[in-house]
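Using the sequences and the hints, build the whole thing.
Chains as they are written, first to last, in this note's numbering: chain A, 105 to 328; chain B, 105 to 328.
Just so you know, these hints were derived from the structure itself, not from any lab.
A portion of the hints provided could be inaccurate.
Which copy is meant is left open, because identical chains are indistinguishable; a pair holds if it fits in one copy or across any two.
[Said to hold, decoys possible] Below are the SDA-like pairs computed for lysine to any residue, each with C-alpha atoms no more than 20 Å apart in a straight line:
| no. | residue 1 | residue 2 |
| --- | --- | --- |
| 1 | Lys157 | Pro325 |
| 2 | Lys167 | Arg125 |
| 3 | Lys167 | Ala304 |
| 4 | Lys167 | Asn142 |
| 5 | Lys167 | Gly143 |
| 6 | Lys157 | Ala184 |
There are 2 protein chains.
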Amino acid sequence: MSDMQNDATAQTNFGRSEQKRHTILQSAEELFLTRGFNGTSMDEVAVHAGVSKQTVYNQFGDKERLFREIVLGVTATADAFADGVTEAMRGVDTPAHLDAALRALARRYLATVMNPQVLALRRLVISEATRFPDLAAAYYERGPARVLAALADLFAGLVARDLLAAIGAARAAPDFAFLLLGQALDEGMFRVGEPVLTPAGIDDTADHAVDVFLAAHAPRPASS
Amino acid sequence: MSDMQNDATAQTNFGRSEQKRHTILQSAEELFLTRGFNGTSMDEVAVHAGVSKQTVYNQFGDKERLFREIVLGVTATADAFADGVTEAMRGVDTPAHLDAALRALARRYLATVMNPQVLALRRLVISEATRFPDLAAAYYERGPARVLAALADLFAGLVARDLLAAIGAARAAPDFAFLLLGQALDEGMFRVGEPVLTPAGIDDTADHAVDVFLAAHAPRPASS
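The following block contains the structure:
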């Protein structure tokens, strides 16, 4: 074979291996989310993914490593959301523009967190927090805390541009997050398989959260 | 034996049986909270409680019924807290009095929810929410939702006395609850065995939550 053919073969093999890895991860996620860590075996993951058990072990080592990879998949979701936060607020320069941008951001944030797959992953991590405390802490850091940090950066920028008040700004990110998510997320942990919010409920909750947030965090009008 | 002696014997037997029941519940709670539902056996509960396995079965039927009784123990905690909410606000009739009463209530609410035993029970219920969805929903109704309902009653009373604004009052209870609890409770689900808040952190969080709550929900001053 020519070098070019060798390269092409290597690329195809790499592509197949990546494809298998992806299929195994998807199967493992589905099984872990529905059956938990103890209720899932490497054998079942292999059967569900349509690969040999040896392939699963070759790719992931053991069940705990496979589980960690699934749980830390939250990193990609949180990073993508955090990038979107910065993007959504670029060029916001008036109170009216800020108001509209916050309402759009709130809708997206609430819908993302209340996604059934996201809720199921949270339940799974909480279920295994006693067995894997470091993994649960890592999930928190890379998921919820990562998003709160992105919001804190965003709000600090808005304070610097006099679009939010400086007083109390250190807590603006958790105020926004939990006015918005608090009740639905809490209820969502305990109601399995029932949607907690309708699309209209998402809109109402988002608008009310922004109203309360701005009542506390908008700059005070200068006294004349 | 005289009738009086019969009564005394019956009372002593009843007292012993109640005492055993209490000891079994305490042992079962400790085991379920540290080892989960699957990791706990009726044998272990009996050994831990120092009673026979037969006594455990006679009192509770089977492991699932024992588990349900532990989980629904939240009812007593929530009822006691809800009674305290009404009590704490009795006679509040000025904005300054309301401010102080809300700060005291917020400290107690946050400290109650962040109690390690309460957090562990929440984690346990979430862990078993897929297996026992009706039990998880009942826990939510009798615990968190019960407290939110007591707060909603409280705030409706304050609106009627013009101490809170009517606009947005329907969401005053979850606003108060999640401004206060949201971040700590979220983090507390993922950090096992590490206290999330110091006593000073509880005070700061409570004061900030009340500041934001009143910025949004205090009546607007009449324009002069």
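Quick rundown of the hints versus the structure:
1. Lys157 with Pro325: For Lys157 and Pro325, neither the intra-copy (66 Å) nor the inter-copy (70 Å) Cα distance is at most 20 Å.
2. Lys167 with Arg125: within (14 Å within a copy, 40 Å between copies)
3. Lys167 with Ala304: Neither. Shortest intra-copy (41 Å) and inter-copy (41 Å) distances fail the 20 Å Cα cut-off.
4. Lys167 with Asn142: both (10 Å within a copy, 19 Å between copies)
5. Lys167 with Gly143: both (11 Å within a copy, 19 Å between copies)
6. Lys157 with Ala184: neither (33 Å within a copy, 53 Å between copies)
Going through the hint list in order, the structure does not satisfy hints 1, 3, 6.
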